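Q: Below, each chain spelled out in residue letters.
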Amino acid sequence: MRLKVLPPTLRKNNRYLTVEIKSKLPIVKDDLVSIVWDACIRFQGELNTSNFNLWVMRFYEFENDEDYCSYKAIIRCQRDYVEEVRSSLALVNMHKRERISITTVGLSGTVKASQKYI
Amino acid sequence: MFFDLNIKGNSFENNLKLAIEASKYGWNHINFSYNQDDYSNALEFKNDLIGELNERIALDYTLEIKSNNINEIRKITNKFRSKSSCISVVGGDLKVNRATLENVKIDVLSRPYLRRYDSGINHVLAKEAVNNNVAIELCFRDVLRSYLTHRSKIISNFKDIYTLYRKYGFPLILSSRAESVYDIKTTQDFTAFFKQTGLSDEEIAKSFGDASNILEFNANRSNMILTGVRRIDDAS
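Quick mapping for you: the protein sequence lines, in order, are chains U and H.
Under this note's numbering, think of the first position of the first sequence as 1, with each following residue one higher.
Under this note's numbering, think of the first position of the second sequence as 1001, with each following residue one higher.
Derived by calculation from the structure, the hints in this document are not laboratory data.
Small disclaimer: the values here were computed from a predicted structure and weren't measured.
Careful: at least some of the hints might be erroneous.
From chain U, some residues computed to sit far from chain H (all C-beta separations above 10 Å) [unchecked claim]:
| no. | residue |
| --- | --- |
| 1 | LEU3 |
| 2 | LEU91 |
| 3 | ILE100 |
Distance ranges between label pairs, derived from CB positions [unchecked claim]:
| no. | chain 1 | residue 1 | chain 2 | residue 2 | range |
| --- | --- | --- | --- | --- | --- |
| 4 | H | ASP1201 | U | PRO8 | 27 to 33 Å |
| 5 | H | LYS1167 | U | ASP38 | 34 to 40 Å |
| 6 | U | LEU25 | H | ASN1069 | 41 to 47 Å |
| 7 | H | LEU1043 | U | ASN13 | 49 to 55 Å |
Here a beta-carbon is modelled for each residue, glycine too, at the ideal position from N, C-alpha and C.
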């Protein structure tokens, strides 16, 4: 049985970050999930990360550049913690001993609106 | 306006790639840094690079002096002063930190905390930086490419420098020191990181202003008669 949906005043307010990912190795959505969580826990700690309400909503693969594999994704976080999540993701550096880079290219209030950055 | 005075310069193709990426991520002006040995060679393709970018992003070169010999630093500074829009010295050694901050011809002391257990700056050096208008540069890449305890120590050094910055008000500049496309971030990510380490929005904006002031001051350096006195062109 599903829980009844909370009234709007009790719901969490979310923001959706559109991120651009450059990776030397090919990655899949599950890899990104673990990279995002690992980055936030490393930089902000377990206690702060519990506030972020992180979720990888969408994952898109793009045509590979000659130097790296290119992806974009939409990541959900809680409204008041955007700066914390952004800075944590910006500090992602290595994945499986190969270079990776994540940078936020857009910020929106809905998934639909964040798709304009894809 | 977003200024990055320290992106590591390389070949023409690599610089072009980095400049295009930086313009895509919202940077308005970047400086490629070269050490004293490569600087003259790099000047040869500077105009081609500017032409290729076609005003997409403003760019210039920084001379990055890397030496532990104080006399050598002084000689290189005098040699390149008129040819360079920005001269920075890589810090870390206490003697180098002091000699750099006492030299009015040098613009930037880059990474005074490098390979040290402390920030490399104290109240005496902070006052020298203010008197001689030498900026202190913090690099994002030092945090990006380190991890765990080492990363924590670098951020702790940043915080020590912020404390002195708030008390003495020396010019502080923030730069990425990107070496590849993996190191370049959007301007919002860059400012978000420094905000997390303890700088306020105003302080970050002022740091970009300080970088702009260095370039503007050096563009007019030949017209400077005394500190605060500049010859202006009254024909215009």
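Q: Each hint: holds or not?
A: The hints, checked one at a time:
1. No Cβ of chain H comes within 10 Å of the Cβ of LEU3 (chain U); the nearest lies about 34 Å off, and the non-interface call holds.
2. With a cut of 10 Å on Cβ distances, LEU91 (chain U) falls inside the contact zone with chain H, its closest approach being about 6 Å.
3. With 10 Å as the threshold on Cβ separation, the claim that ILE100 (chain U) sits away from chain H is violated: the shortest Cβ distance comes to roughly 7 Å.
4. In this structure the supplied range 27 to 33 Å holds for ASP1201 (chain H) paired with PRO8 (chain U), their Cβ-Cβ distance being about 31 Å.
5. Against the hinted window of 34 to 40 Å, the Cβ-Cβ separation of LYS1167 (chain H) and ASP38 (chain U) comes to about 37 Å, which satisfies the hint.
6. As the Cβ distance of LEU25 (chain U) to ASN1069 (chain H) is approximately 43 Å, the hint placing it in 41 to 47 Å holds.
7. Taking 49 to 55 Å as the suggested C-beta distance range, the pair LEU1043 (chain H) and ASN13 (chain U) conforms, at roughly 52 Å.
The earlier numbered hints that this structure contradicts are 2, 3.
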